[in-house]
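The whole structure should be built from the sequences, with the hints applied where relevant.
Each protein sequence line maps, in turn, to chains L and X.
Going by the working numbering, the first sequence opens with residue 1, and the numbers climb by one from there.
Going by the working numbering, the second sequence opens with residue 1, and the numbers climb by one from there.
Where hints are given, some of them may not hold.
[Unchecked claim] Okay, derived cross-link-like pairs now, SDA-like style, lysine to any residue, Cα gap no bigger than 25 Å in a straight line:
(1) L:Lys-356 - L:Thr-2
(2) L:Lys-563 - L:Asp-628
(3) L:Lys-413 - X:Glu-176
(4) L:Lys-445 - L:Lys-356
(5) L:Lys-331 - X:Asp-210
(6) L:Lys-617 - X:Asp-210
(7) L:Lys-341 - L:Glu-286
(8) X:Lys-113 - L:Glu-408
(9) L:Lys-208 - L:Arg-120
(10) X:Lys-109 - L:Thr-165
(11) L:Lys-413 - X:Asn-107
(12) L:Lys-483 - X:Gly-213
(13) L:Lys-716 - X:Asp-38
(14) L:Lys-413 - X:Ala-106
(15) L:Lys-331 - X:Asp-38
(16) L:Lys-617 - X:Leu-212
(17) L:Lys-617 - X:Lys-113
(18) X:Lys-113 - L:Gly-432
Rather than coming from a laboratory, the hints here were simulated on the basis of the structure.
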Amino acid sequence: MTEITQEIVAEHGLTPDEYTRVLDILGREPNLTELGIFSVMWSEHCSYKSSKKWLKTLPTEAPWVICGPGENAGVIDIGDGQAAIFKMESHNHPSFIEPYQGAATGVGGIMRDVFTMGARPIANMNALRFGRPDHPKTRHLLSGVVSGIGGYGNCMGVPTVGGETNFHASYDGNILVNAMTVGLADADKIFYSAAAGVGNPVVYVGSKTGRDGIHGATMASAEFDNDSEEKRPTVQVGDPFTEKLLLEACLELMATDAIVAIQDMGAAGLTSSSFEMADKGGVGIELNLDLVPMREDGMTPYEIMLSESQERMLMVLKPGREEEARRIFEKWELDFSVIGKVTDTGRMILTMHGGKVADLPVAPLADAAPEYDRPWVKTEPSAVIKGADVTAPNDLGEVLLKLVGSSEIASRKWIWEQYDHMVMGDTIQRPGGDAAVVRVHGTDKGLAITTDCTPRYCYADPVMGGAQAVAEVWRNITAVGAKPLAITDCMNFGNPQRPEIMGQFVGCIEGMRNACTILDFPVISGNVSLYNETNGTGIHPTPAIGGVGLMANIDKMTTLAFKNEGDLVLLIGTQKGEMGQSLYLREMEGREEGAPPSVDLEAERKIGDYLREMIEKGVVTAAHDISDGGLAVTLAEMAMAGNIGADISLDTDLPLHAALFAEDQGCYVVTIRPDDFELVEGFALAEDIPLHNIGTIGHTDLKIDGGLTISVESLKQVHQNWMPDLMAVRVSE
Amino acid sequence: MKAAVIVFPGSNCDRDLKVALTEAMGHEPAMVWHGDTDLPETDLIAIPGGFSYGDYLRCGAMAANSPIMREVVKKAEAGVPVVAICNGFQIAMEAGMLPGALLRNANQKFVCKDVDMVIAAENERFVGGYKADQVIRFPVAHHDGNFYADEETLKELENEGQVALRYATIEGDVNEAANPNGSLNNIAGIYNKAGNVLGLMPHPERLISDALGGTDGKVFFDHLVQSIA
Numbered sequence: 001m002t003e004i005t006q007e008i009v010a011e012h013g014l015t016p017d018e019y020t021r022v023l024d025i026l027g028r029e030p031n032l033t034e035l036g037i038f039s040v041m042w043s044e045h046c047s048y049k050s051s052k053k054w055l056k057t058l059p060t061e062a063p064w065v066i067c068g069p070g071e072n073a074g075v076i077d078i079g080d081g082q083a084a085i086f087k088m089e090s091h092n093h094p095s096f097i098e099p100y101q102g103a104a105t106g107v108g109g110i111m112r113d114v115f116t117m118g119a120r121p122i123a124n125m126n127a128l129r130f131g132r133p134d135h136p137k138t139r140h141l142l143s144g145v146v147s148g149i150g151g152y153g154n155c156m157g158v159p160t161v162g163g164e165t166n167f168h169a170s171y172d173g174n175i176l177v178n179a180m181t182v183g184l185a186d187a188d189k190i191f192y193s194a195a196a197g198v199g200n201p202v203v204y205v206g207s208k209t210g211r212d213g214i215h216g217a218t219m220a221s222a223e224f225d226n227d228s229e230e231k232r233p234t235v236q237v238g239d240p241f242t243e244k245l246l247l248e249a250c251l252e253l254m255a256t257d258a259i260v261a262i263q264d265m266g267a268a269g270l271t272s273s274s275f276e277m278a279d280k281g282g283v284g285i286e287l288n289l290d291l292v293p294m295r296e297d298g299m300t301p302y303e304i305m306l307s308e309s310q311e312r313m314l315m316v317l318k319p320g321r322e323e324e325a326r327r328i329f330e331k332w333e334l335d336f337s338v339i340g341k342v343t344d345t346g347r348m349i350l351t352m353h354g355g356k357v358a359d360l361p362v363a364p365l366a367d368a369a370p371e372y373d374r375p376w377v378k379t380e381p382s383a384v385i386k387g388a389d390v391t392a393p394n395d396l397g398e399v400l401l402k403l404v405g406s407s408e409i410a411s412r413k414w415i416w417e418q419y420d421h422m423v424m425g426d427t428i429q430r431p432g433g434d435a436a437v438v439r440v441h442g443t444d445k446g447l448a449i450t451t452d453c454t455p456r457y458c459y460a461d462p463v464m465g466g467a468q469a470v471a472e473v474w475r476n477i478t479a480v481g482a483k484p485l486a487i488t489d490c491m492n493f494g495n496p497q498r499p500e501i502m503g504q505f506v507g508c509i510e511g512m513r514n515a516c517t518i519l520d521f522p523v524i525s526g527n528v529s530l531y532n533e534t535n536g537t538g539i540h541p542t543p544a545i546g547g548v549g550l551m552a553n554i555d556k557m558t559t560l561a562f563k564n565e566g567d568l569v570l571l572i573g574t575q576k577g578e579m580g581q582s583l584y585l586r587e588m589e590g591r592e593e594g595a596p597p598s599v600d601l602e603a604e605r606k607i608g609d610y611l612r613e614m615i616e617k618g619v620v621t622a623a624h625d626i627s628d629g630g631l632a633v634t635l636a637e638m639a640m641a642g643n644i645g646a647d648i649s650l651d652t653d654l655p656l657h658a659a660l661f662a663e664d665q666g667c668y669v670v671t672i673r674p675d676d677f678e679l680v681e682g683f684a685l686a687e688d689i690p691l692h693n694i695g696t697i698g699h700t701d702l703k704i705d706g707g708l709t710i711s712v713e714s715l716k717q718v719h720q721n722w723m724p725d726l727m728a729v730r731v732s733e
Numbered sequence: 001m002k003a004a005v006i007v008f009p010g011s012n013c014d015r016d017l018k019v020a021l022t023e024a025m026g027h028e029p030a031m032v033w034h035g036d037t038d039l040p041e042t043d044l045i046a047i048p049g050g051f052s053y054g055d056y057l058r059c060g061a062m063a064a065n066s067p068i069m070r071e072v073v074k075k076a077e078a079g080v081p082v083v084a085i086c087n088g089f090q091i092a093m094e095a096g097m098l099p100g101a102l103l104r105n106a107n108q109k110f111v112c113k114d115v116d117m118v119i120a121a122e123n124e125r126f127v128g129g130y131k132a133d134q135v136i137r138f139p140v141a142h143h144d145g146n147f148y149a150d151e152e153t154l155k156e157l158e159n160e161g162q163v164a165l166r167y168a169t170i171e172g173d174v175n176e177a178a179n180p181n182g183s184l185n186n187i188a189g190i191y192n193k194a195g196n197v198l199g200l201m202p203h204p205e206r207l208i209s210d211a212l213g214g215t216d217g218k219v220f221f222d223h224l225v226q227s228i229a
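Printed below as a string of structure tokens:
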């Protein structure tokens, strides 16, 4: 037997203190298999040991929340006995090392989380962050990640309906790949993971176990250095075809009542799935590892327990239902093996080749995972930059063209045309709008889905940035006419052992908490990815937020495209003209400075509720929020989408460049038919909503009085060409 | 009228096709599992898109050897109309029901978007619902839709009126800019010699209502059902 030395403990990512705790729990030295199990269960990725204290402070409840954080995914009630189940998860480290497989298995993993709970996945989204466009690795990574996401989702036949992509130097050495899946289930047929029923069979289904992905969770819990390329073997390989079969087989079995509990094997594979099921049910489990279907000969208990081979599930069945279940999985040509049983010992006992290879108490290992209150420091606030503090540009039109064709704003069509975004026949609003809308199959209801975060705001002011991320999700769902219901969060940060990074985390959580509370927008699931650092440089703090909203009738849905010549253009909300952290400063002056634009959450709520009310009345012909690039970019995006111009005239005290390019929060541009103005204005006055009539749709140019005149066609060219041009140069590999 | 949709492991447009056919027929088609050896009595066979067998080995190659395909080929030879969409087109080709090959897209990437097409040859049953010079729109979603045939086969397809649909601009011009995948002669779909089998890369079942962005696909299925029933 291998002797457990200090070096081996350190290689497993456990600190000396944590190892002392292991010895206390066991009352003896662990063997190597047991040490491996402790190592993955107590990794940052599985245990949330640095983040738990703060995550607990987020609001997670609302009358429509059926299941909040803690299960495979969160569940909300969407009426008529139906539930939406969703979650977002990171696959950052693997995607940097091997972009295609890293991203593909990220998508596969999050879909499994959702169908494990009994839902058919109906939409995928993603939130991607890459380094500078001209960084030597960026094109290779972007190309591989997009192919990987498409490769998996397309084959599964689940539409990838949208997402977001940022480019910034802080991600040069650590890209972020966050994938979200939304599923649909009957509200009374949700499946959970708590094992129960002493003597019940524990069943393994899906792919065979191989040596891939061993220690993936541990890798995801450490910083990168120059040798990270050598970690390639820890990246799993995806097989979407097998997952498609697994999905259909699981849903077929779920239509019966044979399942007691079910859990997918994700990070830390068989280890975390079996421990979580036993821990949640307060029971023990015995597994005979000889019965685990294996891809190769000679696998050790250590390898079997730590493998992260994909497309596998663990289930507890009702007694006597094994053959019925086996028939279903064999029809779908999948492995099915009864590998153990539920016990009342509270222990996880693993046997192989006739001998005991691990004997661990479940609850202490799962619950007594270390929890740290890491020291943190507040991010120093930056000064607000007013419009008057910024020199007016000579040519506002030139600025708009530059912004529309910049890395942050340019069209993402090159990406989403590689995703099948229409399969399943329910995509009512395709990618490119504020939120995607997917019809609830067979009904007139729609789910609005979006992912958002503005990392440069979070870096400058984590509290404001965290609030802004949640508010923008809420805003984007509102802009298509849906009622925002709940969010999932994917918290991507640097090394939490550095107080300034921990301070970013604490700050973002505070901002998110404020926004979730005021907007009545609870967190129902999420994931934390720390140690996104290379050689000591951390990423911008990136709390990516995925949100879901409900619309009762898809006929009422709005899009951002200008539609009818002669419609009035209205600006709803108050412009403050704060220019700190704006893309204007970054693109025109090369400055990433100042405080981010402030979010007034009370006003946000009022204005959004008003807009939704107007959309429900059927008077809104287009709606779009102001975000990256400011009002001018918002107008340009609406004109480009509708292929029609507008005549705009602003009556403002702000300098024109601030009114056009400040990224004012809580503001929308809306169009209505002229006949409806009285009604819209009436409600605005009654509800004290700032509303300005700023122009009329028409012609082929976007004209802003005293500022600029640009043809919609020339805007479209720079907007659409940026990414194809970037990717056209062949990547030499 | 009766229709049958063939379902392979990895098919993923089978439900969409079922919805479209149900709306056109007023009742559901039979869903036939690939492992079955008997086809139910049917007036139309539809082979759906997806990734049968994961598209491993070569798109459609393994599905073409499924037990049910022997029956499908037999019925097609007996004159039963067959519509084979996307992966279904690849399968029909691998099964020898249609000539040519579908190569990887010229730019090597998966492509999902609406495409416009013109009708290249009349075939009352399949495209009789459209005006002869109408530009029609269906979405494509594929990685391997680049139609190829040797010179002789291509000439024969063109001369015998077997080219069904060509990618075109919204004005109806057949040119390189309108070609999403590098297909020879902008070919989006073809008929067999007898004219009772249509294979096409674009998905008519994806544009069957205004909510989805168009109704050209609804016209396709409505007319197909009417002409058979």
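Hint by hint, here is what the structure shows:
Between Lys-356 of chain L and Thr-2 of chain L the CA atoms are separated by roughly 16 Å; this keeps the pair inside 25 Å, and the hint holds. For the given pair, Lys-563 of chain L sits about 23 Å from Asp-628 of chain L by alpha-carbon distance, which is consistent with the 25 Å threshold. Among the hinted pairs, Lys-413 of chain L with Glu-176 of chain X is consistent with the structure: their alpha-carbon atoms are about 20 Å apart, no more than 25 Å. Between the alpha carbons of Lys-445 of chain L and Lys-356 of chain L the distance comes to roughly 54 Å, so the proposed pair goes past 25 Å and is violated.
Note on Lys-331 of chain L and Asp-210 of chain X: the hinted pairing is violated, with a Cα-Cα distance of about 38 Å set against a maximum of 25 Å. Restraint check: the Cα-Cα separation between Lys-617 of chain L and Asp-210 of chain X comes to about 21 Å, which is no more than 25 Å; the hinted pair holds. With a C-alpha separation of about 6 Å, the suggested pairing of Lys-341 of chain L with Glu-286 of chain L holds against the 25 Å cut-off. Straight-line distance between C-alpha atoms of Lys-113 of chain X and Glu-408 of chain L comes to about 23 Å, which keeps the hinted pair within the 25 Å bound.
In summary, the hint linking Lys-208 of chain L to Arg-120 of chain L is supported, as the alpha carbons are separated by about 23 Å, within the 25 Å threshold. For a cut-off of 25 Å, the pair hint linking Lys-109 of chain X to Thr-165 of chain L stands: about 19 Å separates their Cα positions. Using a Cα cut-off of 25 Å, the hinted pair Lys-413 of chain L and Asn-107 of chain X holds, with the two alpha carbons roughly 15 Å apart. Between the alpha carbons of Lys-483 of chain L and Gly-213 of chain X the distance comes to roughly 23 Å, so the proposed pair stays at or under 25 Å and holds.
With a C-alpha separation of about 54 Å, the suggested pair Lys-716 of chain L and Asp-38 of chain X falls outside the 25 Å cut-off, and the hint is violated. Straight-line distance between C-alpha atoms of Lys-413 of chain L and Ala-106 of chain X comes to about 18 Å, which keeps the hinted pair within the 25 Å bound. Taking the CA atoms of Lys-331 of chain L and Asp-38 of chain X, the gap is near 18 Å; set against the 25 Å cutoff, the hint holds. Between Lys-617 of chain L and Leu-212 of chain X the alpha-carbon distance is near 22 Å, which keeps this suggested pair within the 25 Å criterion.
Between Lys-617 of chain L and Lys-113 of chain X the alpha-carbon distance is near 32 Å, which puts this suggested pair outside the 25 Å criterion. Taking the CA atoms of Lys-113 of chain X and Gly-432 of chain L, the gap is near 13 Å; set against the 25 Å cutoff, the hint holds.
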